[in-house]
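Trainee: These are the residues of each chain, in order.
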Amino acid sequence: GTTPSETTETTTEETVETTESAATGNIFVYTRDSSSGTREAFEKAIGLEELTADAIEVSSNGDMITKVASDVNAIGYASLSTDFSNSGATPINFEGVVPSSETVLDGSYGMQRPFSYVTRASGDFGSDDKEAIIAAFVDFLVNSTEGLQVVQAAGGEVDLSKSTPWAELKKNHPIVDQDNSSLTIVTAGSTSVEKTLTAALEAFQPMAGNVQFTINQTGSSDGHKRTLGEEKDSVNAADIGFASRNFKDEEDVSSALSSGVYCLDAVVAIVNAENTAITDLTAEELAGIYSGEIKSWADLGK
Amino acid sequence: MLINAEKVKRNKAIDKAARMFFLAMALLSSSFIVILVLFIFMKGISPFLPNYQYGTVNLIDFLFGMTYRQDQKLYGVGFIVINTLISSFAALLISLPISVLTALFIVKIAPKQLSGLMQAVVELLASIPSIVYGVFAAGVLTDFVKWLASLFNVTTAGGSSLLAVILLLAIMIFPTITSMAITAIGAVDRDLEHASLALGATETQTNFKVVLISAKSGIFAGAILGLGRAFGEATAVSMVAGNKLYGPTFSLFDITKTLTSTMLAGLKETTGLDYDIRFSVGIVLLVVIFGSNWLLNLVKQKVGNM
Amino acid sequence: MKAYFKVRDLDLYYGEKQALNKVNMDIYRNKVTAFIGPSGCGKSTFIRCLNRMNDLIEGCRVEGEIMANGEDIYSSKTDVVNLRTRVGMVFQKPNPFPMSIYDNIAYGPRCQGLKDKKKLNEIVERSLKQAALWDEVHDRLHESAMALSGGQQQRLCIARAIAMEPEVILMDEPTSALDPIATSKIEELVDELKKDYTIVIVTHSMQQASRISDYTAFFLLGEVIEYDLTSTVFKNPSDKRTEDYITGRFG
Amino acid sequence: MKAYFKVRDLDLYYGEKQALNKVNMDIYRNKVTAFIGPSGCGKSTFIRCLNRMNDLIEGCRVEGEIMANGEDIYSSKTDVVNLRTRVGMVFQKPNPFPMSIYDNIAYGPRCQGLKDKKKLNEIVERSLKQAALWDEVHDRLHESAMALSGGQQQRLCIARAIAMEPEVILMDEPTSALDPIATSKIEELVDELKKDYTIVIVTHSMQQASRISDYTAFFLLGEVIEYDLTSTVFKNPSDKRTEDYITGRFG
Amino acid sequence: MREKMKAKMQAKDTFNNALTYISAGLGVLILGSILVFVLSKGLKGLNFDLIKSNYWSENYLATVEESYQTNELNDEHSSAQGYYSTKWGIAIDDTLSAKGEKQLEVTYVSPNSPFAHLLNATAGENFEKPLKMHTGYTIEKIDYMTADGTIGLAGKILAQDAKTTIETLDKASTITSVYFKSAGGGIRGSLIATFYLIVISLTISLPIGIASAIYLKEYAGPTKINSLIRQGIETLTGVPSIVYGLMGITVLFPVTQLVGATTTSILLGGLTMAVILLPTIIRSTEEALLVVPKSLRDASLSLGATQSQTIFKVVLPCCINGILTGVLLGIGRVIGESAALIYTMGTFINDNPTILSQGTSLALMIWSFMSGENPNFELASTISIIILAIVLVLNIIVKLIGKRFAKQFV
Ligand SMILES: Nc1ncnc2c1ncn2[C@@H]1O[C@H](COP(=O)(O)OP(=O)(O)OP(=O)(O)O)[C@@H](O)[C@H]1O
Ligand SMILES: Nc1ncnc2c1ncn2[C@@H]1O[C@H](COP(=O)(O)OP(=O)(O)OP(=O)(O)O)[C@@H](O)[C@H]1O
Ligand SMILES: [Mg+2]
Ligand SMILES: [Mg+2]
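Chains as they are written, first to last, in our numbering: chain S, 1 to 302; chain G, 1001 to 1306; chain F, 2001 to 2251; chain W, 3001 to 3251; chain B, 4001 to 4410.
Derived by calculation from the structure, the hints in this document are not laboratory data.
Beta carbons: idealized from backbone N, C-alpha and C, even for Gly.
Among these hints, one or two may not hold up.
Computed cross-link-like contacts, DSS-like style, restricted to lysine-lysine with a CA-CA straight-line distance of at most 25 Å [what the hints assert, rightly or not]:
{"#": "1", "chain 1": "W", "residue 1": "Lys3195", "chain 2": "W", "residue 2": "Lys3119"}
{"#": "2", "chain 1": "F", "residue 1": "Lys2117", "chain 2": "F", "residue 2": "Lys2129"}
{"#": "3", "chain 1": "G", "residue 1": "Lys1016", "chain 2": "B", "residue 2": "Lys4294"}
{"#": "4", "chain 1": "W", "residue 1": "Lys3119", "chain 2": "B", "residue 2": "Lys4294"}
{"#": "5", "chain 1": "G", "residue 1": "Lys1012", "chain 2": "B", "residue 2": "Lys4052"}
{"#": "6", "chain 1": "G", "residue 1": "Lys1016", "chain 2": "W", "residue 2": "Lys3077"}
{"#": "7", "chain 1": "F", "residue 1": "Lys2002", "chain 2": "F", "residue 2": "Lys2022"}
{"#": "8", "chain 1": "F", "residue 1": "Lys2129", "chain 2": "F", "residue 2": "Lys2195"}
Listed next, with one range per pair, are the computed distances between beta-carbon atoms [stated by the list, open to error]:
{"#": "9", "chain 1": "F", "residue 1": "Ser2176", "chain 2": "B", "residue 2": "Gly4221", "range": "30 to 40 Å"}
{"#": "10", "chain 1": "G", "residue 1": "Ile1082", "chain 2": "B", "residue 2": "Leu4046", "range": "52 to 62 Å"}
{"#": "11", "chain 1": "G", "residue 1": "Glu1006", "chain 2": "B", "residue 2": "Gly4221", "range": "29 to 39 Å"}
{"#": "12", "chain 1": "W", "residue 1": "Glu3136", "chain 2": "F", "residue 2": "Asp2191", "range": "34 to 44 Å"}
{"#": "13", "chain 1": "B", "residue 1": "Gln4257", "chain 2": "S", "residue 2": "Glu50", "range": "19 to 29 Å"}
{"#": "14", "chain 1": "F", "residue 1": "Arg2029", "chain 2": "G", "residue 2": "Leu1295", "range": "55 to 65 Å"}
{"#": "15", "chain 1": "W", "residue 1": "Ala3147", "chain 2": "G", "residue 2": "Lys1012", "range": "53 to 63 Å"}
{"#": "16", "chain 1": "F", "residue 1": "Asp2191", "chain 2": "G", "residue 2": "Gly1186", "range": "39 to 49 Å"}
{"#": "17", "chain 1": "B", "residue 1": "Pro4207", "chain 2": "W", "residue 2": "Gly3113", "range": "17 to 27 Å"}
{"#": "18", "chain 1": "F", "residue 1": "Glu2071", "chain 2": "W", "residue 2": "Tyr3013", "range": "49 to 59 Å"}
Build the full structure now, drawing on both the sequences and the hints.
Mentor: Rendered as structure tokens:
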């Protein structure tokens, strides 16, 4: 069995010569912690059965970027809404499709997920004002032109053409014309939604009589739990819960005042910026890497 | 006559009440340890009980398991304990000699001004919050480790590694051990030094052969304290540990996982098994700390008797 | 009979404060010389001049001359470490090192670079025998010296000093921390040792001075008031203050 | 002439160790009684029995009887706080509280609940006058007592004790930390005070005892060897050991 | 032979001495590199606004005062950075926010600019009140109308940079509404929370700690129970703070619920810190009690004072310095603590913390950044500088107190 190994060496050398900046070492596989919705979306999209035990868990999107940016041999994944310029990490194509708003919205980019929301049950908000303001916010977030613009600016993929100006929607929500600075919207759930959600809440605030908000994002699995589930009356109770995926069957949202999807997000695989040889990976390749079958960059494509 | 019978009686009552108050407060203070252990134990034991709502974990698997994967519901802290022991003891191994020599320098060798300055340095290091150490480690130590690894042609996970943890802990326990050693060395009877000098030993011989040996029990106490700190350090360590899913980790450049970083890693969960299991890990941490303290104190008594 | 130490016009200051004032004294070979005087009169200060242990005290300044065996010990050429190997010292409180009996005795020689096992064994045995301790400890040489009784510890300290084969042994109140029985053992030992060594001893007990010394110096406020044969000092003091002190009128 | 204290068969133990052995003694009113004896013989231990200051020492156990003014002070009925207001004490090292002179003197009365400003002023003035300190400090009553000289501090402590209008003042080596001039002032003061108070004084100076006391007790190893009029003890001691001690043959 | 031996010994001595110098040098090196790192990363972010301002931006929605709507300014005199609109009298630049995100920062507003004469459009008490755009604010979105009546938008939300925004704006003839934000990234809320935390933990742990120390030093005899009490307190010292966090959430949370807490809160953090501080306070009080000479206690008792009078009137006033030292050490500990508080206070950065709300202390704020979606070394380092400065000052005070204390009874 000497011949094959010799050939391997030669091919490796060749690759190095042709694409100077390709990583050749063992792949360092980075993944998010197990409560992350991004991880769930990613694993589902690539059809991963079992994650390699050598994977390194990081605790946030930012942490992921930092780690991948500082490690030539790294592979990871992040939200498309991340600002990759100057970050040291580059997003790559999935199944030959460039990740972009268009490809996400038209469905051709496969690795995408919805940002879903769910509110508490009607009548379970403690006060009518609270319920009214939540309803107004949800309307703003999901339907208004202004809301969608903000979400888009913060990286969410939305279809602006289906939106209605807030000035019209507002008529259904007289609550926004009063001083609401004593009301607080408490959110929970996915951390991935944090950026779009924060932007929307901030924009909503001056339009809705200075309503206050507390953003308490901990992970998709808490979104339902804290609004309708077992924790809805606990220390961690929230008014609106979010998940960076669709709510599961066991997460029954039928009793909610409102629930649905407010934008789409794409997960992109990322590699170190110096690893320019890699520009596209298929679901199969990614699954191979993440399951540990493909151990080295040199093994890719064989 | 100055005595006012009524006042005296009142004074006496106050005296008695004060005494009771002081006793009550002392009892309260000391009972916290009992409360603490009791509650954490109660909570931490629940995942192993048969009627646990989120699906029972096997105690043996938990204690001796070599994989900790929440996604697969595998909770084994065996390797984490080993990792914790390795990183803490290695940190101690690095820090102890440096600390002791620094203490010797401060107490016996340095000129007065310099000694005061060095003491201030040690105190300052001792009072730096661990989160600052963490920021420093994540920004500097990881780069150092990456550079070192590149010398050996090893790639690291962005510098997060066992080595980074060890270096970080060594730095963090340095002021603890040093200040204990300063006290111990300062307390060495001047008579002993004089006796040594009168026998024609040089100052340096005296310092190394008599002073250090006489201070050994105090130095040992410092080492125990430092080790305890290394075991319990959480925030800073979790910033450079990486998060290895299985182990134990023996390679310096490989990522690792310690008991404390495990407790902080699942932080975002606030209910369920992943939450409760943290208390179980907490118990294990306490056992590791108290156990090693107890063991080292035994050793210390043996050494101290010599 | 020749003097081992010749002290000439010795002044000593602790910072501003003068602790010794124009001390002149010849200390004779193979004799026991005792220093007596009330507390704070400078006995310890003076005896520590003889092996330059005062060097260690901050702000301590010495003027005058001390010749030891013909060599000026305060000259800049003197090697202090070497001086101390020739002039040994025993302190008030027994202060064995926290190591084994053997290591205590071998400490000095080892510090001089002696490593030869056999030679060290010889030295340990000889020193302990000379210090009349061998019989009591020869079967536990490798146990901690801290486990010995006070009197034994003090004899160990003497043995430790002897191990260096010094010419002089200085003793600063060597028995004041000991009980009467241990004290008398040390006194016997001193009597024995003066055959081989020159001994200087500070004591606060006039009885002890008269029992064991050949010469006695009486100190007062940093000055030597009287220095003579012990019998003369105690029976025929030439100074009124000496007499007052000896008869217990002050101090 | 009646005895204020009647001590009968007093034994005192520190843990296992016996520190006082069958002490019997009558201490007379308006006299100065001095305790002398070598260090560690139990003088302090005994004087502290007289106002039960020994209660505070861990492991200290008392057997026997002390009657003060006809009342058994070790009976369970005795109010210790009350006893101490009647039997004041002055210590070896001057120990003023770190507060003003005025507050030092007023401390005791205030502890008894006295709040009346005028009365307190009176007490402070009277006590300081009695302690011969008024002239020196009346213009700075509200300055810190720590700024006074050692001798003044000690007189302040005496004044502080007097402020309680006690019947007895116990003094444990009140002058041993003072210079000769301050000492003689205190001695004069003691002579003055015995008109009004019963005074017990421990001293390590035989001269002082003979100068100021009416009665002298000689302690040795926890026993009272001799107790008699001071003149008798010093001129005609009945015990050989007393004589040896007084002539300075030991101690 | 002897000479050779001596030379060898001397060499060994020199080597050993050199070792101690090197070790001590390492300590200095570590401190130095920590300081250099933190300062180099964080110094430029350090300014007074940081302390004054909120972490979260203030969001404003405003309209333009009618009289300024048609004002053609033609103010050419701005030398501010970025891009300047002569028509609207406002300059905008591309910068990064404290949180590390792109933003459009206002660098100049002419006094006559319509943007200096806005009317608040948010319902509430400030509705229709004058509002002014300040430098440092960021522009999110501007709705405008051109001369021909078409509606347009400009600003960050349209993904425009400063240049495009100004160019777009120059096409406008009237401004319909402006959505802008004040600069965020401040630590005011965290400072307040830290302050609350210190006050709560000290008011609880001081009396308990001091009383415990008094019991142990002034009353406790060598009984079994007392040695148990002592042991209990000593063991507390060895418990790592992360375990205290667990204790806080299980044992102390129900206590805070009694006073109305519904979530983890500053109160809970304070209670937990109080327990953590206990051993520190007890130890420093005990040390202070040790220094008070026994003779003072004797003097007081011999004057007929009771033991409690002696303690309150004589002993405690004498160890006020030691207690103060404990307080300062405690403050330092509270400021630096993170692990225990992560569990008990949450990691939500709250600009208006109340005792029963969540909030972050300064250290926790750093943790929050470093573990959040956008780790921000710069801001973390800036806060580290502030923490270090506070800790340094506390330490110096402790030193000074200690020096005075040592002299007190001599
Ligand atoms: N290190 C020092 N610094 C300043 N003064 C000192 C020092 N050591 C001793 N002295 C002073 O020098 C004087 C002589 O002290 P020394 O110890 O020699 O007395 P001594 O005769 O040995 O007394 P004792 O019988 O109590 O041992 C004393 O007044 C003492 O206070
Ligand atoms: N707190 C204590 N615990 C144990 N033993 C003590 C205690 N206080 C004193 N002793 C012992 O009791 C004996 C008598 O001591 P005491 O202090 O009464 O002597 P003294 O005559 O006052 O001596 P001095 O002249 O030195 O003051 C001594 O042997 C002493 O060691
Ligand atoms: Mg002396
Ligand atoms: Mg006494």
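Trainee: Now look at each hint and say whether the structure bears it out.
Mentor: Here is how each hint holds up against the structure:
no.: 1; hint: W:Lys3195 x W:Lys3119; in the structure: 24 Å, holds
no.: 2; hint: F:Lys2117 x F:Lys2129; in the structure: 18 Å, holds
no.: 3; hint: G:Lys1016 x B:Lys4294; in the structure: 22 Å, holds
no.: 4; hint: W:Lys3119 x B:Lys4294; in the structure: 30 Å, violated
no.: 5; hint: G:Lys1012 x B:Lys4052; in the structure: 53 Å, violated
no.: 6; hint: G:Lys1016 x W:Lys3077; in the structure: 17 Å, holds
no.: 7; hint: F:Lys2002 x F:Lys2022; in the structure: 22 Å, holds
no.: 8; hint: F:Lys2129 x F:Lys2195; in the structure: 15 Å, holds
no.: 9; hint: F:Ser2176 x B:Gly4221: 30 to 40 Å; in the structure: 34 Å, holds
no.: 10; hint: G:Ile1082 x B:Leu4046: 52 to 62 Å; in the structure: 43 Å, violated
no.: 11; hint: G:Glu1006 x B:Gly4221: 29 to 39 Å; in the structure: 31 Å, holds
no.: 12; hint: W:Glu3136 x F:Asp2191: 34 to 44 Å; in the structure: 57 Å, violated
no.: 13; hint: B:Gln4257 x S:Glu50: 19 to 29 Å; in the structure: 42 Å, violated
no.: 14; hint: F:Arg2029 x G:Leu1295: 55 to 65 Å; in the structure: 58 Å, holds
no.: 15; hint: W:Ala3147 x G:Lys1012: 53 to 63 Å; in the structure: 35 Å, violated
no.: 16; hint: F:Asp2191 x G:Gly1186: 39 to 49 Å; in the structure: 40 Å, holds
no.: 17; hint: B:Pro4207 x W:Gly3113: 17 to 27 Å; in the structure: 25 Å, holds
no.: 18; hint: F:Glu2071 x W:Tyr3013: 49 to 59 Å; in the structure: 58 Å, holds
Checked against the numbered hints listed earlier, the structure breaks hints 4, 5, 10, 12, 13, 15; every other hint is satisfied.
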